[in-house]
Every structure is written in structure tokens, then in C-alpha cells.
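A.B. asks: Sequence:
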Amino acid sequence: MSFNLRAAVLQNVSGNNEEQVEATIQDAVESGEEKMLPGLGVLFEVFWKHASDNEKDQVIRDIADGLQ
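Residues are numbered in the working numbering as their position in the sequence shown, beginning at 1, plus a constant of 2.
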């Protein structure tokens, strides 16, 4: 039996509005639960696929700065 985590996450958030997406992200970050990390990764993948080169560059800088 195979479970497609990416598809399950996308199905769970499909059709969510901006407030719901923000609440999902906030909940995942604030809970600190490792089981939420794959879902955040899927959301990041969605962002990355639709981001401009400038947006990607800014996110890379922000992440690198946050790791300092």
C-alpha cells in the first residue's frame, strides 16, 4: 500500500482562502510538531513553483539570514 503524502496535503488545503492558508502555516509553526514539517514542505513547493525569480531570491536571502 502506498500513501502519497503530497497529494493528501494538497487535498486537505485545496480551496482554502488566504486566511485559512495562513492559519494552517501558523498552526504548523507554533505547534512545533515534526509531523507538520512535510505539510509545510508541500506548501513551500507550491510557493516555489509559482514564485518569480525575484521572490525566490528574496526567500533564499531570508532563510539564509534566519540561519545565521
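The set of hints was computed from the structure by calculation and includes no laboratory data.
Bear in mind the structure is a predicted one, so any value in this text is a computation, not a measurement.
Note that CB positions come from ideal geometry on N, CA and C, so glycine has one too.
Fair warning: there could be bad hints in the mix.
[As the list claims (entries may be wrong)] Between beta-carbon pairs, the in silico distance windows are:
id: 1; residue 1: 9; residue 2: 68; range: 28 to 34 Å
id: 2; residue 1: 33; residue 2: 10; range: 24 to 30 Å
id: 3; residue 1: 51; residue 2: 28; range: 19 to 25 Å
id: 4; residue 1: 66; residue 2: 32; range: 22 to 28 Å
A.B. asks: For every hint, state whether the structure bears it out.
C.D. replies: Outcome of the hint check:
no., hint, in the structure
1, 9 / 68: 28 to 34 Å, "holds, 29 Å"
2, 33 / 10: 24 to 30 Å, "violated, 18 Å"
3, 51 / 28: 19 to 25 Å, "holds, 22 Å"
4, 66 / 32: 22 to 28 Å, "holds, 23 Å"
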